[in-house]
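Novice: Here is how the chains run, residue by residue.
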Amino acid sequence: MKLMLNGEPVETAVTFVAELVREQAGAAGRVAVVVNDRVVPAADHAATRLSEGDRVELLTFAGGG
Amino acid sequence: MEHDSFLLGDQTFSSRLLLGTGKFSDVGVMTRAIAASGAQIVTAALRRFDRDRPHDNLLGPLLAMPGVTLMPNTSGARTAEEAIQAARIARELCGSRFIKVEIHPNPRHLMPDPIETFNAARVLAAEGWIVMPYIPADPVLAKRLEEVGCASVMPLGSAIGSGQGLSTAGLLQIIIREARIPVIVDAGLRSPSQAAAALEMGCAAVLVNTAVAAAGDPAAMAAAFAQAAAAGRQARRAGLMAAAEEAQASSPLTAFLQ
Amino acid sequence: MKMNNTTHEPPAQLPEALDPRPWLDTPPPDARAVAAALAAEAPDEATFLTLLRADPAVYLEPMARRARALTRRYFGRTIQLYAPLYLSNYCSGGCAYCGFAADRHQARHRLERPEIGQELAALKRLGFEQVLLLTGERTPHADFGYLCDGVRAAAAVFHEVTAEAFPMTTEEYHGLAEAGCTGVTLYQETYDPEAYPRFHRWGPKRDFAGRLDAPERALAAGIPSVGLGALLGLSDPLFDTLALFRHVRDLQRRFWRAAFSVSFPRLRPEAGGFQAPKPVSDRQLAQIIFAFRICLPETTLVLSTREAPAFRDGLAGVGINRMSAGSRTTVGGYSEPAADDGQFVVSDARDVAAFCAMLRARGLDPVFKNWDAAFRDVLVPETRRCCV
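Quick note, the sequences are listed as chains A, H and B, same order. Per the working numbering: the first sequence ends with 65, consecutive numbering throughout. Per the working numbering: the second sequence ends with 1258, consecutive numbering throughout. Per the working numbering: the third sequence ends with 2388, consecutive numbering throughout.
Among the hints, erroneous ones may be present.
Sample of chain H residues with no beta-carbon within 10 angstroms of chain B, all distances over it, derived [what the hints assert, rightly or not]:
no.	residue
1	F1006
2	Q1011
3	T1031
4	R1032
5	D1050
6	R1051
7	D1052
8	L1059
9	P1061
10	H1109
11	S1162
12	A1220
Just some of the chain B residues that point at chain H, by a computed CB distance under 8 angstroms [claimed, not checked]:
no.	residue
13	E2041
14	L2060
15	A2064
16	R2068
17	R2253
18	V2318
Hints are computed from structural coordinates only; laboratory data are not their basis. Glycine included, C-beta positions come from ideal geometry on N, C-alpha and C.
All chains should be built: construct the whole structure from the sequences, respecting the hints.
Specialist: Dropping the structure here:
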């Protein structure tokens, strides 16, 4: 399906958030997931389905004061 | 003189230096600076995860530092709603109850928006966050934020990254005198002596970022800032001498009382 | 109801925020400490106590200079003028030191509505725009409703109406604010909870804590300003003035939109024969006033006609920025002579014109109005509240 991921259109074969995180972030450590402006807690990643056209943000910490 | 500490929410801190994590050349330099300073609170911002730059990941190294509390900030948010959302995202990442509400919509001077900051702080404080708002040095805004339950206020010394020091000193003194919560001077400090001056003035702590990250030797500079902040605090507790003497004038005012 | 002073009530306690005792144990200040206190940019309890304990032979004059400089900085050369109007001298109380106590022989009287109107008109003719309405402790003759009616009548005529009566509930203070009351004055008399019952022999005024909490109830209810004080002479002045200082600072930090004033009622020898246990001399009172001005530089400090002319002349503009003039402490007494003896003897009997002439001769500027009542009418109750 087509998704907007971090502002860019992507094509992906995954169905669940957890799969997307594994695909995109791999072993890079924790990311926070926001789907259509709603924060999806880590406990729900495995069970949360993605839909065509969803806007997904993967976020982490960065240097900043 | 025994160690003294201050309360943020229900947590006690003794280090008078907080550090930001921006503008360091790499994560290793950053962690060495934090370790050298003894800072107990470190703030970091949110960004989109970039699969091409996984080595910029701060979370792992920060969580691995003993004695360091991560205080996420909402830098990048332009509205209260965005800041509140950023707080939720940050908690999802690290579980911290601390949140530095930092809303600066103008990228040229990075001055904090008092209205959006107040609106975000009020919501987050009601939800139980330990709210640390970054604000202009406005004494009335500081009291209003205290009123709605913020754990501290963080008035700026001067614009972020400007190195102009305590240009708001007069207003900071008013804020400090009237506050019932810790006042943490944040932004614009260039040198450790300015940090000492802020602590001598009576604030609880200072937050420094650019001056450490941009130094030739960030770890050494961070340690210098920590020492200066501690010295300023100790001087304050030791009782500073009077700055000036009043000159004696002509006829006495109290002759009628002899 | 028991009406004696041997009731076994548990002793009241001062809250930690007001308790002066941690500071009272410190050693007397040396010259360096006093110099630092005189120049302090952020005066605190230690500063205040240092100034109180400084040797007056050396430091009274420098303190006076600093007090005058700060009074000028925050108030210019203005002296706010107000008049006290006793609405009633009925009193249920048993204050050992007061001419109105229930066991004193006084002609008891209260002003009826037409008389209140006449008294207010007389004060208006004298030039006053700020009036202080007084009653004794609550009685059926002069209860909350009576006071509220008096406030309403005064608020229609004067720009500022302050009430000095008895501790009230939050709801009552709200009612007072709605009636146009712009300030409440209430003296704790003494902040020493062990000494307090000795002077307040019976009645509601024995409730030390209820009285202490009343100013914050008033502020929470929307009364914009509060006047505090201790009756100097009852107890150790160091204890009472430091507790008073802490009381003001605590309320100022919590009700930061509100205005505050501090008064300095001092026990004088009076007809009933009550002797002040810890008398405060003129020099001591001056030192206390200077210490308050230096440590609460933006707070209004009040001196009434209870004090003698020479003392009032010397303190006007030197710490003190608000004074009464031409006062009557009898019930009414401005439109025609009163029948009673008054609460205390007025030492400064100069009329308003003479008093203002003295002020001007000293380069001071008597002002009869601080805030215009137009601001009071514009504000809706929600914005008058002083704290969440």
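Novice: Is the Cβ of F1006(H) farther than 10 angstroms from every Cβ of chain B?
Specialist: F1006(H) is indeed farther than 10 angstroms from all Cβ atoms of chain B, at 17 angstroms.
Novice: Restraint: R2068(B) near chain H, CB-CB cut 8 angstroms. Satisfied or not?
Specialist: Because about 6 angstroms separates R2068(B) from the closest Cβ in chain H, which is inside the 8 angstroms limit, the hint holds.
Novice: So, as I understand it, the hint says E2041(B) touches chain H; can you test that by seeing if any CB pair is closer than 8 angstroms?
Specialist: Holds: closest Cβ of chain H sits about 7 angstroms from E2041(B), inside 8 angstroms.
Novice: Since R1032(H) was said not to touch the interface, does its Cβ keep a gap of more than 10 angstroms from each Cβ of chain B?
Specialist: 37 angstroms, holds
Novice: Would you assess whether Q1011(H), listed as outside the interface, keeps its beta-carbon beyond 10 angstroms of every beta-carbon in chain B?
Specialist: Holds, since 22 angstroms exceeds 10 angstroms.
Novice: Does L1059(H) sit more than 10 angstroms from chain B, CB to CB?
Specialist: For L1059(H), whose nearest Cβ neighbour in chain B is about 36 angstroms away, the distance exceeds 10 angstroms, so it holds.
Novice: If I take the minimum Cβ distance from P1061(H) to any residue of chain B, is it greater than 10 angstroms?
Specialist: 40 angstroms, holds
Novice: Going by Cβ atoms, does T1031(H) stay more than 10 angstroms from chain B at every point?
Specialist: 38 angstroms, holds
Novice: Confirm or reject the statement that R1051(H) sits farther than 10 angstroms, beta carbon to beta carbon, from all of chain B.
Specialist: 47 angstroms, holds
Novice: Is the claim that D1050(H) lies outside the interface with chain B correct, judged by CB distances over 10 angstroms?
Specialist: 43 angstroms, holds
Novice: Please settle this one: S1162(H) was flagged as non-interface, so is its CB more than 10 angstroms from every CB on chain B?
Specialist: Since the minimum Cβ distance to chain B is about 25 angstroms, S1162(H) lies beyond 10 angstroms and the statement holds.
Novice: Would the hint on L2060(B) be counted as holding, given a Cβ-Cβ threshold of 8 angstroms to chain H?
Specialist: Hint on L2060(B): holds, closest Cβ of chain H at ~5 angstroms, below 8 angstroms.
In summary, this structure violates none of the numbered hints.
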